[in-house]
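There are 2 protein chains.
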Amino acid sequence: MVQIEYYRQAIQALLTRYSQIQPQQSEVESQLLLDPVRDQYQLMRVGWNRLSRVYHVVMHFDIKDGKVWIQQNMTDIDVAQELVEAGVAKEDIVLGLHPPYKRQFTGYGVV
Amino acid sequence: MVQIEYYRQAIQALLTRYSQIQPQQSEVESQLLLDPVRDQYQLMRVGWNRLSRVYHVVMHFDIKDGKVWIQQNMTDIDVAQELVEAGVAKEDIVLGLHPPYKRQFTGYGVV
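If you read the protein sequences in the order shown, they are chains A and S. Okay, so the first sequence: first residue is 18 according to my numbering, each after it adds one. Okay, so the second sequence: first residue is 18 according to my numbering, each after it adds one.
In short, the hints are calculated from the structure, not lab data. Each hint should be verified, as a subset may be incorrect.
Pairs count within a copy or across copies, as identical chains cannot be separated in the list.
To be verified - The calculated lysine to any residue pairs, modelled on SDA-like cross-linking and capped at a C-alpha distance of 20 Å, are:
1) K84 with G64
2) K84 with V128
3) K84 with E46
4) K119 with Y23
5) K81 with V71
6) K81 with Q20
7) K119 with Y35
8) K84 with V45
9) K119 with R70
10) K81 with W65
Treat the numbers as computed from the prediction; the structure is a model and nothing was measured.
Take the sequences, apply the hints, and build the full model.
Listed below in structure tokens is the structure:
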């Protein structure tokens, strides 16, 4: 349980850091969603760029059965590597963006 | 502050109710993200349908300055009407899915 708590903190620190990069459009917000009860963690961009809706989940992690799942990453940042550097064990990271059959070849965790 | 707490409960009850509709695909999950600290509330569908990624924010509400914003609704359910029936004042609901200039014509709140 101590390890899980550490993973929670690592994810929230990473998302909070990237949430400080402000969108260029004035009517677009960076939104953090941190839900440690259901272990869901997101960074979003939401708003309007003139008449175009802006609505993206930029990064999304969750924790299931002790493993950190990367569910979304719209950046070119290697978030899995950043989590490893923050102390998350590589085998405890699941690349949810790869289909299940591919995960055994990623070097990261499988379920 | 009592009213805001009531709005929080109404949103969470609505999302929790719809989260109980299970996806047909076995590798797709309904995920709730409830963050009453940042007042962000979501229902997602996340997973894989064979080799196709499934990743949708189905419904998303947030509360800003005492108003309930509908940021996403991928269903044909009239969630604004459901919130009104649950006791949220119509002028306290902002249809974030409409561009700002249109909101004055919606009968719902403006910022």
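Hints versus structure:
1. In this assembly of identical chains, the alpha carbons of K84 and G64 lie at most 20 Å apart only when taken from different copies (15 Å versus 32 Å within one copy).
2. Taking CA atoms no more than 20 Å apart as the test, K84 paired with V128 passes inside one copy only; the shortest distance there is 8 Å, against 41 Å between copies.
3. Taking identical chains as interchangeable, the C-alpha atoms of K84 and E46 lie at most 20 Å apart only when they sit on different chains, with a minimum of 16 Å there against 29 Å within one chain.
4. When the C-alpha separation of K119 and Y23 is checked against a cutoff of 20 Å, the pair qualifies neither within a copy, at 28 Å, nor between copies, at 45 Å.
5. Taking CA atoms no more than 20 Å apart as the test, K81 paired with V71 passes between copies only; the shortest distance there is 18 Å, against 29 Å inside one copy.
6. With identical chains, the CA atoms of K81 and Q20 are at most 20 Å apart within one copy only, with a shortest distance of 13 Å there and 34 Å across copies.
7. In this assembly of identical chains, K119 and Y35 lie within 20 Å of each other by CA distance neither inside one copy nor across copies; the values are 28 Å within and 32 Å between.
8. In this assembly of identical chains, K84 and V45 lie within 20 Å of each other by CA distance solely across copies; the values are 17 Å between and 32 Å within a copy.
9. Taking identical chains as interchangeable, the C-alpha atoms of K119 and R70 lie at most 20 Å apart only when they sit on different chains, with a minimum of 13 Å there against 34 Å within one chain.
10. When the C-alpha separation of K81 and W65 is checked against a cutoff of 20 Å, the pair qualifies only between copies, where the shortest distance is 16 Å, while the shortest distance within a copy is 33 Å.
Hint compliance for this structure: hints 4 and 7 are not met, and every other hint is.
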